[in-house]
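Position chains Z, H and L relative to chain A; hints supplied.
Protein chains: 4
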Amino acid sequence: MPDYIPELALATPQWFGISVATVDGRYFEVGDYSRSFTIQSISKAFVYGLALEDHGRDYVQCKVSVEPTGEAFNSIMLDQSTNRPYNPMVNTGAIATTDIIKGANPTERLKRILEMIRRYTGHNHDVNMPVFLSERTTGNRNRAIAYLMLNFGMVTEHIEETLDLYFQQCAVMVTAHDLATMAATLANGGVNPVTGERALDERYVQDVISVMFTCGMYNHSGSWACKGGLPAKSGVGGGITALVPEKLGIGVFSPPLDARGNSVRGVGVCRDLANDFGLHVFDIAKPDHDLEAFMATQGADSSDSPDLMWDKT
Amino acid sequence: MPDYIPELALATPQWFGISVATVDGRYFEVGDYSRSFTIQSISKAFVYGLALEDHGRDYVQCKVSVEPTGEAFNSIMLDQSTNRPYNPMVNTGAIATTDIIKGANPTERLKRILEMIRRYTGHNHDVNMPVFLSERTTGNRNRAIAYLMLNFGMVTEHIEETLDLYFQQCAVMVTAHDLATMAATLANGGVNPVTGERALDERYVQDVISVMFTCGMYNHSGSWACKGGLPAKSGVGGGITALVPEKLGIGVFSPPLDARGNSVRGVGVCRDLANDFGLHVFDIAKPDHDLEAFMATQGADSSDSPDLMWDKT
Amino acid sequence: MPDYIPELALATPQWFGISVATVDGRYFEVGDYSRSFTIQSISKAFVYGLALEDHGRDYVQCKVSVEPTGEAFNSIMLDQSTNRPYNPMVNTGAIATTDIIKGANPTERLKRILEMIRRYTGHNHDVNMPVFLSERTTGNRNRAIAYLMLNFGMVTEHIEETLDLYFQQCAVMVTAHDLATMAATLANGGVNPVTGERALDERYVQDVISVMFTCGMYNHSGSWACKGGLPAKSGVGGGITALVPEKLGIGVFSPPLDARGNSVRGVGVCRDLANDFGLHVFDIAKPDHDLEAFMATQGADSSDSPDLMWDKT
Amino acid sequence: MPDYIPELALATPQWFGISVATVDGRYFEVGDYSRSFTIQSISKAFVYGLALEDHGRDYVQCKVSVEPTGEAFNSIMLDQSTNRPYNPMVNTGAIATTDIIKGANPTERLKRILEMIRRYTGHNHDVNMPVFLSERTTGNRNRAIAYLMLNFGMVTEHIEETLDLYFQQCAVMVTAHDLATMAATLANGGVNPVTGERALDERYVQDVISVMFTCGMYNHSGSWACKGGLPAKSGVGGGITALVPEKLGIGVFSPPLDARGNSVRGVGVCRDLANDFGLHVFDIAKPDHDLEAFMATQGADSSDSPDLMWDKT
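Chains as they are written, first to last, in my numbering: chain A, 80 to 392; chain Z, 80 to 392; chain H, 80 to 392; chain L, 80 to 392.
Chain A with its partners taken away, still in its complex shape (with noise of 0.2 Å):
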């Protein structure tokens, strides 16, 4: 768990639920996939799609790049050519594509970002207020970003504002069976498997979850798409959410967090179902075995100990 989120410090190291979601909105999930938690970065990929609808592909672009980035997700690195971060999942480009989502005032704007997430999941969802406001009290490394991006007039002067909406969209409590139906709306082209409902426009879809297979999973991006092969995005609260395309969407919450951030057992769940399904984007020869006895074998090891599980890696 992350030390400057006092707030996730308060996580139970055993939680583990996994949920996933197919595009014809079947369910198949195991162990904790109805607990809350906050969904921290992974709301970056969405948030990157409303800036998409708010302003266009063109707009977007002058202000966060797409390229991939050796730096760590809090580094305070911009492109220096550019003076733009350098894409839209490290915070640079997550509270610039923030400082862009539209709304009259404060209030409007946090509005508009739950209910795009709610289109995504289909039901209404809360902010956590103790890790909002453990994350604005820590928050000076953003904060420092935010005022170097102003720098180069990158953001507008409104920075505590956009600080605080993006602390607040990164507070929004969610569970893994919300990941998996958020993942899965993705694979659907932008519609919401359960519900009908659209929750992004069919143009941006394939931007999203480009960002997400190059640059979602922190500085361990490059060989998660080697080995793992499915666009994805975790945060430090513990969640993950991945997808593979016109078929499923995927949803783990396990707090113990690897040097990057990455949920430990989320990582090595996603890797497994990959491997084991045939999932990778770039298998060509899928095998084709039964997602029903894969969660069964999950479920028992639910109890055991994540650092036994999964390596580390």
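Hints may be right or wrong, so weigh each one.
SDA-like cross-link-like pairs, simulated, lysine to any residue; straight-line CA separation at most 25 Å [unchecked claim]:
#1 A/190 with A/282
#2 H/142 with H/195
#3 Z/365 with A/101
#4 L/142 with H/339
#5 H/365 with L/104
#6 L/142 with L/132
#7 Z/142 with L/216
#8 L/365 with H/357
#9 L/326 with H/357
#10 L/326 with H/268
#11 L/365 with H/363
#12 L/142 with Z/363
#13 H/142 with A/153
#14 A/365 with Z/217
#15 H/365 with L/142
#16 L/142 with Z/202
#17 L/326 with H/195
#18 A/190 with A/270
#19 A/142 with H/216
#20 A/326 with Z/282
#21 A/365 with Z/140
#22 Z/365 with A/364
#23 A/365 with Z/219
#24 L/190 with L/273
#25 H/365 with L/274
#26 H/365 with L/277
#27 L/142 with H/354
#28 Z/142 with A/337
Residues of chain Z clear of chain A, computed beta-carbon distances all greater than 10 Å [claimed, not checked]:
#29 93
#30 185
#31 198
#32 206
#33 211
#34 220
#35 284
#36 362
#37 375
Just so you know, these hints were derived from the structure itself, not from any lab. Just so you know, even glycine gets a beta-carbon here, dropped at the ideal spot from N, CA and C.
Then chains Z, H and L, alone, in the frame of chain A:
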């Protein structure tokens, strides 16, 4: 044309050929698709596959990582924590994979690489001797890279032998037709669609395609993955190869390069094909256009200035 | 003139004043030596001395290193192993030293800095309010620096208060005559040669002079140490101060700046003085020229274009 | 002892010698001051002087800058805007200055370097063949540096010849007594105080001393300039040389090194001498202590553990 390989300056800017090969063995071709040129960096993707066959994933992973890098293709930087090259698509990584290609002596090692390319294309290939000698003479940056890796024990002591093999594989003569067949072979799970011969062990096809997708277009890879959405690899000889898994392979030849070393028209053709035909790997709402009609359009443009045809990014 | 401080753009390029003060209290002066301008970064050297008096060498050393850096003066980089600013002559380091200046409240802290400058010059100084407000408004890069240091626990939480004090000390009004006296005070072991008042504890004189020598001229410091050979500090207000230990202090005022932010004519005057009079601290065969004759020469040039008088380095 | 030069591992940690030579030809010496060891990087300062004599300041400046760098001594980094090494005290810069030492062939060039050192010490010097061969065998990082500079046209094509000369000059055998005489020669304006022979053109003495002051102690140079305040140069053979302009030269020999490659006891002796005798070049209130008494004290400590005698920074 890159000034560090004087031989390449002899190319005619107007040359322009496109070839598309489907996994069921059909070709759609136009212009200079049967004109020979040096494969250059496109070889890196395929030599990486051979290294995986020679040593397996675990060993190769100790020699070269698979992380994208914001550095230029000829950067001398290594991953500081492991002293590994960032990925096999940049020079450092390609020298590292070349170093481990098996063979009793330099001749046999070169023969194994040429034989590997033969399996992909279905016919034998020559090495362009003037280009090879030209690159060897001016290859001091690659020499520096090799000695730096030797200092860290990442390559063997036969620096000049390894560099010769590296420069030779870059000087292999291919056509746009060949590149289309090579890409279609990957798209077909490693089996040449025309000859039916296996060119790459099924297990490693996803490794090669993944690293083409995340790292294949130098420090433009992230934008390429988002906008083009095709696993691809370009070379400073003016060639570019791209593929749609399970569908088709693309080969383009057009010598004028952009600042990053990618063929200007090659990038444009791949992007247009991807957009017009919904080939982006994460484009879920795939349209259904007429490939033959597209190729006819391209033919008409063959005499135009590339600067007007394709914008430079 | 730096565009990030709009007020400074009002300066007249032709202004040009030189003052040389000896440790026995004589002055050689010419041109606009009594015209006031803002001290800007020259204050950094003297505030560093005050921080040393307030806390001693060991404590100050925990807050700021004394290593030269190849980075620009406004770089946001910190020493990665200790999170300390590289040295007190760049913005990061100066904000760190300003943060630890003692005083019960902001007013008292500013008074202590003004009182310290008074001891060096022998008279009271004003803060230029428009320049202060101008820098405060546009100081978002310094705000980013401060929050980044706060994130590492290197400065206290009163960011805006510290930045105000930093911007105020930069906006103190001085003349070339004052700068010569201040430098002569350091050259005289910390005692003002005219008033006889001690301005800096004898123990810390060598600290201030050393860091001026190695870090005083931004990322030009190494060349300056080799070619000019005088401990010096410049400011974007067009001032520059330099000294010859045990001999004299120099103050120059001329607004046009080079790309690094150093006064073009100021650098030229110091270098000419150093070379013509053998003032380089490591020039062992010191010639013996006529300082009054030199100053007369400079006077004649005062109306010339600075671009012709001094090459840009 | 550095593990990249296996021969140096044979040194005895207890060896400890100090020599102080005044510009009027007196010596104060204790311990192993006449024991021979390899000069290593200390040669860089003197070869820089020879390069200046061979080509003048303007030409040498095109080949190597004089800016301090935060990088380690063996960094491969060059100044990105000019492709020059940062300064002649790091390996890149020393290889660049070695490359331009005049001479009709390798033998003559080595002879000119040995003859130059002879002028400084008053007697002939040997090259330690096993150390030379050892460094040549393991010198792949320096080989990488040389090829990178060749790639930028900063050195000539005779890489192995230049590296041989570089490794040979590093393997020249000297004593602490020699180092004291060499430093005293610089302190005396380039004239050997004992023989009266000129070792370095008067014009370039300040260049050599300046770059020793700002860059001589690797990435510890800034702290050294502030705390020690003596122009100095260390070598991984355990030697260190330092000087007080117009006063004296110091040579210390003690093999145990700190993490930066500086002799632990050597740094300590120089700092103690500087502090106890007010030798800091910017210490204006210079005390007047008894040098002979100091040397007697040092002698008593010669058998102690270096770790206890001198703290490691």
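**Request:** Mind verifying the non-interface call on residue 185 of chain Z? Its CB should be farther than 10 Å from each CB in chain A.
**Result:** 30 Å, holds
- Query: Are the Cα positions of residue 142 of chain L and residue 202 of chain Z separated by 25 Å at most?
  - Reply: 50 Å, violated
Q.
Can you confirm whether the C-alpha distance between residue 190 of chain A and residue 270 of chain A stays at or below 25 Å?
A. 20 Å, holds
Exercise. Is residue 365 of chain H within 25 Å of residue 274 of chain L, Cα to Cα?
Worked result: 23 Å, holds
Minimum Cβ-Cβ distance from residue 93 of chain Z to chain A exceeds 10 Å
31 Å, holds
| field | Agreement of residue 142 of chain Z and residue 216 of chain L with the hint, judged by alpha carbon distance not exceeding 25 Å | value | Given pair residue 142 of chain Z, residue 216 of chain L holds - Cα atoms ~23 Å apart, limit 25 Å.
Check: Is it correct that the beta-carbon of residue 284 of chain Z has no partner in chain A closer than or equal to 10 Å?
Finding: At about 6 Å from chain A, residue 284 of chain Z fails to clear the 10 Å cut-off, so the statement is violated.
Residue 365 of chain H and residue 104 of chain L: Cα distance at most 25 Å? 21 Å, holds
Holds or violated: residue 365 of chain Z and residue 364 of chain A, Cα atoms, limit 25 Å.
Between residue 365 of chain Z and residue 364 of chain A the Cα gap is close to 22 Å, so the pair holds against 25 Å.
Determine whether the non-interface label on residue 362 of chain Z survives the test: each CB of chain A must be over 10 Å from its CB. 5 Å, violated
Exercise. Has the given pair, residue 326 of chain L with residue 195 of chain H, been kept, meaning a C-alpha gap of at most 25 Å?
Worked result: 35 Å, violated
Query raised in the report: Taken at face value, is the distance from the CA of residue 273 of chain L to the CA of residue 190 of chain L at most 25 Å?
Result: OK: residue 190 of chain L and residue 273 of chain L at ~22 Å, within 25 Å.
Violated hints, in rising order: 12, 14, 15, 16, 17, 23, 35, 36; the structure is consistent with all others.
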